[in-house]
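> Chains as they are written, first to last, in the working numbering: chain W, 459 to 595; chain C, 459 to 595; chain E, 459 to 595; chain L, 459 to 595; chain A, 459 to 595; chain B, 459 to 595.
Don't take each hint at face value.
Only pairs whose alpha carbons sit at most 25 Å apart, straight line, appear in this in silico DMTMM-like list of lysine to aspartate or glutamate [as the list claims (entries may be wrong)]:
#1 K531(A) <-> E482(A)
#2 K525(L) <-> E510(L)
#3 K525(W) <-> E586(E)
#4 K531(W) <-> E586(C)
#5 K525(W) <-> E529(A)
#6 K525(L) <-> D520(W)
#7 K522(L) <-> D477(W)
#8 K483(E) <-> D520(W)
#9 K522(L) <-> E510(L)
#10 K483(W) <-> D512(L)
#11 K522(E) <-> E481(L)
#12 K483(C) <-> E594(A)
#13 K525(B) <-> E482(A)
#14 K483(C) <-> D512(A)
Partial pick of chain A residues on the chain C-facing surface, computed with a CB cut under 7 Å [said to hold, decoys possible]:
#15 R464
#16 G516
#17 V518
#18 M533
Far from chain E, some chain L residues (derived; all Cβ distances over 12 Å) [stated by the list, open to error]:
#19 T463
#20 R494
#21 A508
#22 E510
#23 P553
#24 R565
#25 E594
These are calculated hints, taken from the structure and not from any lab test.
For glycine and all other residues, C-beta sits at the position ideal for the given N, C-alpha and C.
6 protein chains.
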Amino acid sequence: MILLTRRATFSASHYYWNDGWSEEKNQRVFGRCANRNGHGHNYTLEVTVAGEPDPVTGFVIDLKWLKDVIEEKIMSAWDHRHFNLEVPEFAATIPTSENIAIAAWRRLEPALAAGARLAAVRVYETPEIFAEYRGES
Amino acid sequence: MILLTRRATFSASHYYWNDGWSEEKNQRVFGRCANRNGHGHNYTLEVTVAGEPDPVTGFVIDLKWLKDVIEEKIMSAWDHRHFNLEVPEFAATIPTSENIAIAAWRRLEPALAAGARLAAVRVYETPEIFAEYRGES
Amino acid sequence: MILLTRRATFSASHYYWNDGWSEEKNQRVFGRCANRNGHGHNYTLEVTVAGEPDPVTGFVIDLKWLKDVIEEKIMSAWDHRHFNLEVPEFAATIPTSENIAIAAWRRLEPALAAGARLAAVRVYETPEIFAEYRGES
Amino acid sequence: MILLTRRATFSASHYYWNDGWSEEKNQRVFGRCANRNGHGHNYTLEVTVAGEPDPVTGFVIDLKWLKDVIEEKIMSAWDHRHFNLEVPEFAATIPTSENIAIAAWRRLEPALAAGARLAAVRVYETPEIFAEYRGES
Amino acid sequence: MILLTRRATFSASHYYWNDGWSEEKNQRVFGRCANRNGHGHNYTLEVTVAGEPDPVTGFVIDLKWLKDVIEEKIMSAWDHRHFNLEVPEFAATIPTSENIAIAAWRRLEPALAAGARLAAVRVYETPEIFAEYRGES
Amino acid sequence: MILLTRRATFSASHYYWNDGWSEEKNQRVFGRCANRNGHGHNYTLEVTVAGEPDPVTGFVIDLKWLKDVIEEKIMSAWDHRHFNLEVPEFAATIPTSENIAIAAWRRLEPALAAGARLAAVRVYETPEIFAEYRGES
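Sequences are here, hints too, so could you generate the full structure?
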C-alpha cells in the first residue's frame, strides 16, 4: 500500500468567538484570536490517499483529478474567504485548525470515494501549527 | 559594511477596495481580493540594517533591541489585525504588499535611527510574492 | 521504539509512457508528462528506520552507515540519471512517485536488514507531491 | 480523533562520547561528533497531541497552554544550553536525536496529562535528520 | 521605489555537452551532468520588477498580469520540457543556471516593458544553487 | 553580469563573551548567549560570485571547484567545531553572524581570486537571523 499526498495552499480569514460567552470570556479564552475584525493565514492543506499503484498507469490516483477535486471542493469555497462569515460548516462551529481538517475531510471523502481511499487530511495554519484528521475509525 | 537581517512573522487580514470605484470595477481589477469580508496571510517581515560590527560586542545592532523595536512598532499593531479596518496607514491606502513594506519602513526607520541605519524592509505576503523597500533615495 | 529518518536529494529525469497505448491515449492520460524528451525533478528521499537506541551509542542506526547505504543503493544508481532509460526497475514500469518509493524500498530493505528495520520510504517529486511506502504487511 | 502539532525551535550544543571507550574508539565510532569542545544545532521540536476537538472551543488542546508547557519543560532547560554539560538526562546518556526525543517525551507527558494525550515527539537535529518517539506501547 | 517579486516553479530536463569537445573532455569538465540521457530539476524562477506603487491600486504591477506573462513566456515553453532538445535558446548554448537566467530575462523584459521595469531574474536549479541576472547595464 | 550563488551548511558552537567585562556585564549584554558552555547552530553559508558566463562552458564559475574551495577553506575548519575555542579568527573576536560573514569572506576571497570575483557572503545563524558582507568597497 502506498500513501500518496498532494499539497495545496489557500488564504483565508477567521476569528474565534463563542456566542454563548461574554466578550470578556471570549477575550480571556481566545486572546488575540477573538478580534472580530478577523485575521488570516496562508493555509497549507495536505490530502493523503491510500492504495495500490495501478499496474498500467503507475498511479494510486490520477493527481490531476485529485487536483481538480481539491479545487472544486476546497479552493473554490475557501480560498480568499472568511471562514466564519462565508463557509457554512463554521456558522456555528469555531474554525480552529482541528475543525478545518474535519471539514476538509467531509468535503473530500465522498468526492474521492469513486477513485481512492482518503487516508488523512492535514491542515497547516502556520508552519508551526498543524492538525491532522484520519476519519472516524 | 555588514547587512544584518532579522525576520518576524505575523498574521493579518486585508482586502483590496477602492471607494471611488463601482463594485463591478473593484471586482474586475482586484478579483477575489475585493471580497470585503477579508482574507488573510501569514506575513513574513525581514528588517535589514547596515553598519559596521562594534569591535567590543561584534554587533551591528543588538538583535534583542531590534526584536523589541519590531515588537513595539509592528507586531503589537499589526499581528492578528485587519489592515483595512484597524491600521491607520490603510484607512485610505490599499494594503498591498508594496504599501505594507513602505508602512513598515516608516514605523521602523525613526525608531531605529538611534542605533542603526535601516537598509531594507521586505514583506512576504506568501512564499511566492514579496515586496522590498529601501527608502526614498 | 524510535523512528529515525535521514533525508537525501537527487536529480533525475523521467516521462510517463505506456507502450501498449497509442500516442493519443498517452497524451490524454499523462498530459505533459508524456513528453518523451523527458523532464526532471529534484527528488527528496526520506528513509525511516525503527528500533531502540543502543544503550552504548545512543543510536538506532549509525547515520553514517545509513548514508553510505543510501549512497550505494540509490544515489550512485539514480542521481543525474534518466529513470526510464537507465534504471532497470523502470524498463517496463512507469516511474511515478509511487513506483519510485517501492523501488527505493526494495533496494534499501535488504541492505539495511543487518542493522535496522526499515519502516518507511518517502519520495517527494516536488514539495507538493510525495509518496510513502511502508512495505508489504 | 485529531492529531494536533505545535513546533518549537531551540539552539543547543552537544558531543558524542562514551567514557568507557578510548579516545581512539570514540573517534572511530563518532567521528567529528566526538569533538569534546562540542558543536551545535538549531533543533526543531514537534509536539503532537491526540484528542477530540472540544465542542465549545474547537480545541483539542489550548495551544497557548501547550506553548507554555513546552516553554517551561523544554525551552527554559534546553535552549542555549549544552546537553552533555547542563541537562541532567544526558549526564550518562549520549544526546543523540533519538535520546533527545525520548527525554522530551518524558518531560512533556506528565505535564500534559491533565489536558491531552501526548501522541508523538519529533526532534529535527537538522532538516535532514530527525527522530520520532511515540511512547512505550 | 519598490522591488516586487513573484515566484514560479517548473520542472525541466537538461544536460551539459559541448559538441566541439571529445566525450572524454565533456565527462572531465561536466561530470555527471554530461549524461546525454538528461537529468532534471524543479526550477524556481523569481521575477523582480521595480517601480512606484500606483496611488489608485497600490500596485507596482498587477500580479495577475505578471503571472499571465510568466505563464505565456516561460511556463508554456519550458515546463515539462527538455532545455537542450526543445528550447531554441539552448540549441547551441549550454543550459546552465546562468544561461537560463539570461534567457528568462530576454523572454520577459520586452513583454513586461509596457507595464513595469524588470529589475532581476533569479533561477534556482536546486535550493543550493541559484543564478541572478539584472540586465546589461 | 550574473550573480551565481552556492549554499553550504555546517554545525558549530559558539558563545558571546568579552574578557574585558565582568560576568555581570557579559550576562546583561549577551543574555543567554553568554553561557560559556556554548550553544550551537546549523549555519547556512551562501557564497555569491559575479561574472560573465564563459561562452564555452556556460559557467561563471565551475560549481564543483567552488564546492571544493568552500570545503577546504570553510567546512574543514568550521564544521563540527567551536568557534571560540578552535577557530583562530575568533580568539579575540566575538563570533557573531556579522563577524563570521567577514571571516568567511577573508578565507574565500583569496582562494577564489584566480577564477571569479567574490561578490557576497551571507551567513544564516538561524532562518530568522542572517548577516551579509560584500567586501570593503
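> Please go over all the hints and tell whether each is borne out by the structure.
Hints versus structure:
1. K531(A) <-> E482(A): violated (36 Å)
2. K525(L) <-> E510(L): Answer holds: K525(L) to E510(L) is near 19 Å, not above 25 Å.
3. K525(W) <-> E586(E): The given pair, whose Cα atoms are some 11 Å apart, holds under the 25 Å limit.
4. K531(W) <-> E586(C): The given pair, whose Cα atoms are some 23 Å apart, holds under the 25 Å limit.
5. K525(W) <-> E529(A): At roughly 19 Å apart (the allowed maximum being 25 Å), E529(A) and K525(W) satisfy the hint.
6. K525(L) <-> D520(W): violated (40 Å)
7. K522(L) <-> D477(W): holds (21 Å)
8. K483(E) <-> D520(W): holds (15 Å)
9. K522(L) <-> E510(L): holds (17 Å)
10. K483(W) <-> D512(L): holds (16 Å)
11. K522(E) <-> E481(L): Holds: K522(E) and E481(L) sit about 19 Å apart, inside 25 Å.
12. K483(C) <-> E594(A): Given pair K483(C), E594(A) is violated - Cα atoms ~39 Å apart, limit 25 Å.
13. K525(B) <-> E482(A): The hint holds at about 22 Å.
14. K483(C) <-> D512(A): holds (16 Å)
15. R464: holds (6 Å)
16. G516: Where the cut-off is 7 Å and the nearest Cβ of chain C is about 4 Å from G516(A), the hint holds.
17. V518: holds (5 Å)
18. M533: violated (14 Å)
19. T463: holds (15 Å)
20. R494: holds (16 Å)
21. A508: Its Cβ never comes within 12 Å of chain E, the nearest being 17 Å, so this holds.
22. E510: Per Cβ check, E510(L) is outside 12 Å of chain E; nearest 25 Å; holds.
23. P553: P553(L) is in fact no farther than 12 Å from some Cβ atom of chain E, at 7 Å.
24. R565: R565(L) clear of chain E: closest Cβ-Cβ about 16 Å, beyond 12 Å.
25. E594: With a cut-off of 12 Å, E594(L) comes too close to chain E, as the shortest Cβ separation is near 9 Å.
Consistency with the previously given hints fails for numbers 1, 6, 12, 18, 23 and 25, ordered from lowest to highest.
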